[in-house]
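Start from chain X and add chain H according to the hints.
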Amino acid sequence: MRKQISLILLLALFSLILNAQETTEDSVSSKIKVNNYVWKADRDLTNQANHSSFEILNQEFGSAHEVTEACLSCHTKRGEEIMATSHWNWQRSEMLAGKGVVPLGKKNILNNFCIGVSGSEGTCMRCHIGYGWKDKSFDFKDPKNIDCLVCHDNSGTYKKKKGGAGYPDESVDLGFVSQNVGLPKRENCGVCHFWGGGGNNVKHGDMEIALLDCSRNVDVHMTVEGEDMSCVDCHKTEKHKMTGKLYALSSENKDRATCAECHTGAPHQNETLNDHNTRVACQTCHIPIYAKVNSTKMIWDWSTAGILDEEGNPKHESDADGNHNYLSIKGNFVYNDHVIPEYYWFNGLANHQLITDKIDTIPLQMNTLYGSYKDKGRNQQSTEPSKIWPVKVHRGKQVYDTENMTLIQPKLWSKNKGDSAYWMDFDWNLANKAGMDYLNLPYSGKYDFVKTEMYWPLNHMVSPKEQALSCKDCHTRNNGRLASLTDFYLPGRDKNNYLDGFGIVLLALAFFGVLIHGSIRMVVSKKNKN
Amino acid sequence: MKKVYVYKIFERFWHWMQALVILVLMVTGFEIHSTYNLLGYQTAVNVHNFSAWAFLVLIVFAIFWHFTTGEWRQYIPTTKLVKAQIDYYLTGIFKGAHHPTKKLVYNKFNPLQRMIYLGLKILVIPVQVISGFLYLYFHYPLKGLELDSLQTVAIFHTFGAFLLLAFVVVHVYLTTTGHKPLSAIKAMVTGWEEMDDETIHERMVDDIEIALLKTKSQYKAGEGKSEILDSALSKAQEKVGAVSCLKDNKFRDAIASSGVGYFCISKDGYYREVNDSWINLYRYDSQEEIIGKHYRLSRTDEDFAELEKSVARVLKGETINHGEVKRICKDGSFGYHTLTIAPVVTNGKIIAFEGFIIDTTDKLLAEKELLKKKLRVEEKLKNKKN
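Just so you know, the protein sequences line up as chains X and H, in that order. With numbering that gives the first Met the number 0, letter number 154 in the first sequence gets 153, and the count goes up by one each step, no holes. With numbering that gives the first Met the number 0, letter number 90 in the second sequence gets 89, and the count goes up by one each step, no holes.
Pulled out of the complex, with its shape left as it was, chain H reads as follows:
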């Protein structure tokens, strides 16, 4: 059981602001619909109109964020595992089965979520916004454009409201289907989600796989290293030995250029060796700056305590996929990466521990997604040729 950083700061801000605004719009909107009396009609109208503008501003920021971070790709619909996901909600969940889809860094939504969220983004919310602003500004004449009657927009607007309300009910309920009933909500507040070891391993393997693919794409076909990568990749894809394959020296060099960082820390916690990627990720200028320093300096106190437990296990001989962790860079800024740690054994004794880090910050996500797509296309072309 570990915590993994899933939701970025803006994402959480946006989510909760949106939740607040939709809640306010909902409460005031149904009062305007004369479903009940609560705030008073005039207050309801004023608050509703103000919230509409707040929502619009939020939407503009959210669109910007989705496109600049590449997060919009999270919403590309997929048919893969849709049936599995439905089966899970209908039966599997009662039998204590695991979620059929894992929360991966660049694929944090299950196929149903992708579909529903995309529907909200491109259908329900635009309909609400457009009908809402028509309702607000174009039902009186003398403004150039006017609606013949409010009836049509009112029907669209109310229809959208019912859909949203139903969504909120189901959405809130489904937050309880996480690892623990409140895990999902806690994750949406703090950004860190509790996940079981299996999921974390899956995330790790996935990251390695991506790193391997990336490395592979940097070598032209026919060059010697390709074979090493192919075997590593097939190992990784089998979901076993992904970590052990990283330990191969030749391989280690090969993947360094793909941005996978390597470190080796002595038994008592002092850096012995790091590669160039590691230095880049931590924003150091040279090896000298970090070698001999204690690894404590690159962790928050809280994370350090947790990491120490993992290290203790490694020093007993285990190999650990630590999942996602937060690093403190030289300049004090934060970054996120997946981490794997394994013991270094010399003459039958554990003298140090080493591992790989794969960056998971936003910029990489978009790159990875693009790459995946490119590789898929290449694969298809290959299949066609054959």
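So that you can see chain X by itself, here it is in the shape it has in the complex:
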């Protein structure tokens, strides 16, 4: 009998230990299970057409528009497709809480980096997939204005001209590029998406040139050591409409590219971890830090801009890492690398501070991310519960109209002095007026600088799983990652002080009670023996 009991006890202990180890057993090297994905080793790359054999491309192109015509002569309907996308229009319909459906996009939105494109199209449209958007007169209906090459160049020689409103640089051999086209590579997307805000990794923090050739530690998906994935492997595209969106610009919970698309909603062997996904985004644990190689901009203070050197020329000052920390045209910056994200509840819906909106909170939220612990997907437009997301917060100080209490779109860029462009003339009043006039909006003539915050939910630079956050990063008493999310009870972080106090007193009473009782018994029994 006794043997049986000890056997059962042993078995029970054993199963406890086994159960605990179960989750740590799967090795790194083993291939994880994915859906909707073709492994690199199984991909067939041979079926892309060799464009150099096409007669129409074997010519000296007189202009970039002629290249587009050549493309569209075979790819007949593709022009219409592209002209329906936000890559072309730089705006789309977005539903904003309290504001209804508004046209929203890079065309009209304000941020706290270079503020906005209006009035500065000549330089900003270097990142538009078209030719010649230099001002409001640009014809969005003319398919000849489409720049096919910026996305489809596989030669690596195509580039757009600085200040050229989207036209290619004169050095580009259009014929050669047109014969070497294919699916967009990381370089094609990266030329704009890595360089947003005027420099590498300035805006996103998790998207930069390091991704072109990175180690597994930087990005498990794009690393050349692994699957070497391109952007479009996740940002699946149909009729040139790409999935995946940026909450710097959008507000609705649609057309998103998700981890679950390949990894499913329950990728872990451990059920507790899978359960976490109900309220915690994959990104939260799997993107523990961002800006893993080059720095990203964290703070941009426009209010200090305009200080010129003794000769009246703009100044360029850099910090120890070689990142700008002062530019006369832009003000002060703070860059940082290996940044720990901030964490927010997010249900997939965002709002945006439009140029016509009044400023009512400081710091002003440029793109409010909606969500809370209590938002479990029923009371809000979003059907899913809010999840905790890692976010890069870019903090700025930018110009606003102190009378109208609205943000200002200043005119920043011009080729020439005397056009009221701030970057040439360094006069805020002129720049503000020119910018607001361009948009037919009022400017009182009085301005100041307001603190603003902009939120960039992180999605890229996914770390190897060994580097993912572990339980204790959040489930810890002090200084955990989620220390600022105080609207819910988090086990291991939170406790009820009265209860814990009571518990300690109770245990102390029990211990000392037993100790004292026991001591008296021992003393008494010794006495009795003596």
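Take these hints with a grain of salt, some might be off.
Cross-link-like lysine-lysine pairs, in silico, DSS-like; alpha carbons within 27 Å at most [to be verified]:
id, chain 1, residue 1, chain 2, residue 2
1, X, 106, X, 76
2, H, 185, X, 528
3, H, 185, X, 525
4, X, 528, X, 184
5, X, 528, H, 179
6, H, 94, X, 526
7, X, 160, X, 106
8, H, 292, H, 266
9, H, 179, X, 525
10, X, 464, X, 32
11, H, 107, H, 7
12, X, 32, X, 235
13, H, 94, X, 528
14, H, 107, H, 325
15, X, 135, X, 158
16, H, 329, H, 7
17, X, 240, X, 135
18, H, 325, H, 315
19, H, 82, H, 107
20, X, 525, H, 94
21, H, 82, H, 120
22, X, 253, X, 158
23, X, 526, H, 179
24, X, 240, X, 140
If you anchor each label on the Cβ, the simulated ranges turn out as follows [to be verified]:
id, chain 1, residue 1, chain 2, residue 2, range
25, X, 529, H, 80, 31 to 39 Å
26, H, 112, X, 466, 49 to 57 Å
27, X, 513, H, 329, 47 to 55 Å
28, X, 504, H, 80, 24 to 32 Å
29, X, 506, H, 316, 54 to 62 Å
30, X, 270, H, 118, 27 to 35 Å
31, X, 234, H, 36, 39 to 47 Å
I should point out that these hints are in silico values taken from the structure, not numbers from a laboratory. Backbone N, C-alpha and C fix where the C-beta goes; we use that ideal spot for every residue, glycine too.
Below, chain H without anything else, positioned relative to chain X:
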């Protein structure tokens, strides 16, 4: 000083499994509470969740056992002797006083134990289990039912944990208040507890009393035997002469139907006479099978050695309440009974020894308890009439 079989096999298995599981839950639970780092948070959570299920399974088995064996009655709270028990722990224990309550077969807990254990069973553990499983499964939405916040369940769960932990501290300490510091723990491991002669006598008397009451209830009032039983009962209740009264021949017949076994063994150890109850208890088919056999065959070697010592004392003229012993039945199975042995004297010489056995296996316990209750009710009714 003798050993008495107190804790049944399942009871011990259940107790120690429960101890293990609660210990594991405690260690991992307070790690999850961020009281310390030991196993690592994830391991702690996994082990805690697994143990929770193990605990639930154990609880289901324990509930089944308590109800099928009638052991649940051990936990019926009583106010009788509560004050005595408290006084004992506060003062008596230091003066070397005896425990105010005796460990009887169907009443093995003192009134404080009854209260505390019942509290654990119907309050603390259910709260822990319910809050624990809510905590585990219903804090995420999309499962139909969800908690608004974990805070409330977490507070209940932590509160329960503190109570349990405090209980464990005091409980472990109180195990040292047995006959010897380790007696109680040894008893919980082996099932056999060392008890002093007085307690054993008490247990014996109690068993006899029950047997008498049972017999009495089988006779209708007014019939002749009732008087014999009444006098025996009053003797027994006075806690003296309970054994000697059994030796009355008339009485012996009377109680045979209540399941009290009688035996007579010759000086050299061979069965001379047994009654039908004895045969039933030992699972023999007839007298012939056992008469003339040595009593060694119904004992384990270990028990036999101890019994021989007692027999030697009886043969010198003592009457012994041997307390609880284990018997080996004809088919090899075990049973338990209380045993009393007295010498048989003929012409001034001890020629044999005889005694009574009262079965104490589980089935009887429930019966006895029921009977006691019934008699109490009858008594009350009688008092009312008067």
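* To do: Below or equal to 27 Å on CA atoms is what counts here, so check residue 185 of chain H against residue 525 of chain X.
  => Given pair residue 185 of chain H, residue 525 of chain X holds - Cα atoms ~23 Å apart, limit 27 Å.
* Asked: Within a Cα-Cα threshold of 27 Å, do residue 106 of chain X and residue 76 of chain X meet the stated pairing?
  -> It holds: about 25 Å lies between the C-alpha atoms, which stays within 27 Å.
* To do: Quickly compare the C-alpha distance for residue 107 of chain H and residue 325 of chain H to 27 Å and report which way the hint goes.
  => 18 Å, holds
* Asked: Is 24 to 32 Å right for how far apart the beta carbons of residue 504 of chain X and residue 80 of chain H are?
  -> About 30 Å separates the Cβ atoms of residue 504 of chain X and residue 80 of chain H, which means 24 to 32 Å holds.
* Keeping to a limit of 27 Å between CA atoms, is the pair of residue 160 of chain X and residue 106 of chain X held or broken? -> 20 Å, holds
* Quickly compare the C-alpha distance for residue 292 of chain H and residue 266 of chain H to 27 Å and report which way the hint goes. => 13 Å, holds
* **Outcome for the supplied range 47 to 55 Å, where the beta carbon pair is residue 513 of chain X and residue 329 of chain H** => The hint (47 to 55 Å, Cβ to Cβ) holds, given that residue 513 of chain X and residue 329 of chain H are roughly 49 Å apart.
* Has the given pair, residue 82 of chain H with residue 107 of chain H, been kept, meaning a C-alpha gap of at most 27 Å? -> 18 Å, holds
* For the pair we were handed, residue 464 of chain X and residue 32 of chain X, check the Cα-Cα distance against 27 Å. => 14 Å, holds
* Please work out if residue 325 of chain H and residue 315 of chain H have their alpha carbons no farther apart than 27 Å. => 24 Å, holds
* Is 54 to 62 Å right for how far apart the beta carbons of residue 506 of chain X and residue 316 of chain H are? -> Between residue 506 of chain X and residue 316 of chain H, where Cβ atoms are some 56 Å apart, the hint holds.
* Asked: Is residue 82 of chain H within 27 Å of residue 120 of chain H, Cα to Cα?
  -> 23 Å, holds
Consistency with the previously given hints fails for numbers 4 and 22, ordered from lowest to highest.
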